[in-house]
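**Student:** Listed below are the residues making up each chain.
2 protein chains.
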Amino acid sequence: MKKTERTRVKRVPKRGLYDRKTINAILDDHFLCHVGFVHEGYPVVIPTLYGRSEGNLYIHGATSSRMLRSMQEGIEVSVNITLLDGLVLARSAFHHSMNYRSVVIFGTAKSIVGEEEKRQALKVISDQVLPGRWEEVRTPNKKELKATAVLSIPIEEASAKVRTGPPVDETEDYDLDVWAGIVPLQYAYGQPVYDPQLKQGQALSKSVINLPIL
Amino acid sequence: MKKTERTRVKRVPKRGLYDRKTINAILDDHFLCHVGFVHEGYPVVIPTLYGRSEGNLYIHGATSSRMLRSMQEGIEVSVNITLLDGLVLARSAFHHSMNYRSVVIFGTAKSIVGEEEKRQALKVISDQVLPGRWEEVRTPNKKELKATAVLSIPIEEASAKVRTGPPVDETEDYDLDVWAGIVPLQYAYGQPVYDPQLKQGQALSKSVINLPIL
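Protein chains in written order, with this note's numbering: chain S, 1 to 214; chain A, 1 to 214.
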């Protein structure tokens, strides 16, 4: 991917990665992004679900939402996706850090208008959050599709920033009697909670059974 | 907390909460925030660690970082903190949702300059990420403090947005043969990974032992 002034990683440049494969792998490992845009001169940051397909990131929301309305007008957005992978515990406070994988995308969102395209993009988001769920449920009808705005953000001006590995301390600090290392961190699923209104005897969905549950 | 046009929850207003107790409880349950600001007219969103003490959110970074430099000039920021609590699986694709707790703060960051104040604010961040760690490690020396910029953001113009509970489906969809419910989601710690350069026999730190590890 072409580096731009905006995507070039300035702090700790060796952590910057610009190849599409790395960027896509990070994007495919999560489904929550933070979208930033400028509204009446001030910055707004909104958390929202996303899905990736090919070179596009899809997000959605109610047709009536402020974010979606603003963005449909073709304003510039900045999207950040961050996965925390671990606490990096050094011997000195100063060298404490996090292991993480992060992607930033700059671009202009495009509204998806065609009914079939919209349906496809919503399936992409659904598949990213829970693979297989789309096939199990009642898919959107015309009225629901109309109430849903879907936006596509091209993954063109993007970069990744990744930290891995153990802490790095000052030479003289390696002698300190302090435990150092990594405490891994990840999102984890818990035991499914049945809807109190579930039909009696309704079996758990395959999409949920397939999740790595604690 | 006083609602403003910016903090008033517009989409699903019943999910909006404005009391300081709720906002603080959410802030105290996480340590990753996304800070948005406007740089040369375009939006930038940066993930960073934070700590809360009283009515302030503290963030830090290298004195040389673009974010910190921009923000020290007193520009407006928007901060979002989001905790995902679960996948909300409905009988229709349209009514799928997430359970989450989210806080948004608008404000102007203030640079912390005094050495002792800086040290205190860094302890707040450290305590938020891993309680007790600060007391175990070598604390910052003058040179390290100088290389670290610390900012304080007042939690004054803020609101929370929270979704809890089971899915809500269309009346006619409750008859469908589809499992519905919640799959809980949370950040979880894994088994500590020892630094390969650790002194032989160095015991695990108490701060790590105290973590709820899977």
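A few of these clues could be false.
Where chains are identical, the list cannot tell them apart; a pair therefore holds if satisfied intra-copy or between any two copies.
As the list claims (entries may be wrong) - The calculated PhoX-like cross-link candidates involving lysine-lysine, where the alpha carbons are at most 25 Å apart (straight line), are:
no., residue 1, residue 2
1, Lys-143, Lys-110
2, Lys-2, Lys-143
3, Lys-146, Lys-118
4, Lys-10, Lys-143
5, Lys-21, Lys-146
6, Lys-146, Lys-14
7, Lys-123, Lys-2
8, Lys-14, Lys-118
9, Lys-110, Lys-206
10, Lys-199, Lys-3
11, Lys-10, Lys-206
12, Lys-2, Lys-199
13, Lys-146, Lys-199
14, Lys-21, Lys-110
15, Lys-206, Lys-143
16, Lys-123, Lys-3
17, Lys-143, Lys-21
Just so you know, the hints here were simulated from the structure itself, not pulled from any lab data.
**Student:** If a hint holds in the structure, say so; if it does not, say that too.
**Tutor:** Against the structure, the hints:
1. Lys-143 - Lys-110: within (21 Å within a copy, 47 Å between copies)
2. Lys-2 - Lys-143: Neither. Shortest intra-copy (41 Å) and inter-copy (36 Å) distances fail the 25 Å Cα cut-off.
3. Lys-146 - Lys-118: within (10 Å within a copy, 52 Å between copies)
4. Lys-10 - Lys-143: between (46 Å within a copy, 21 Å between copies)
5. Lys-21 - Lys-146: Intra 34 Å, inter 38 Å, cutoff 25 Å: neither.
6. Lys-146 - Lys-14: between (45 Å within a copy, 23 Å between copies)
7. Lys-123 - Lys-2: Neither way: Lys-123 and Lys-2 sit 29 Å apart in one copy and 39 Å across, limit 25 Å.
8. Lys-14 - Lys-118: Result: close neither inside a copy nor across copies, 39 Å intra and 28 Å inter.
9. Lys-110 - Lys-206: neither (34 Å within a copy, 51 Å between copies)
10. Lys-199 - Lys-3: So Lys-199 and Lys-3 fail the 25 Å test inside a copy (54 Å) and across (41 Å) alike.
11. Lys-10 - Lys-206: neither (44 Å within a copy, 35 Å between copies)
12. Lys-2 - Lys-199: Neither. Shortest intra-copy (53 Å) and inter-copy (43 Å) distances fail the 25 Å Cα cut-off.
13. Lys-146 - Lys-199: neither (29 Å within a copy, 63 Å between copies)
14. Lys-21 - Lys-110: Intra 23 Å, inter 39 Å, cutoff 25 Å: intra-copy only.
15. Lys-206 - Lys-143: neither (28 Å within a copy, 56 Å between copies)
16. Lys-123 - Lys-3: neither (31 Å within a copy, 36 Å between copies)
17. Lys-143 - Lys-21: neither (37 Å within a copy, 39 Å between copies)
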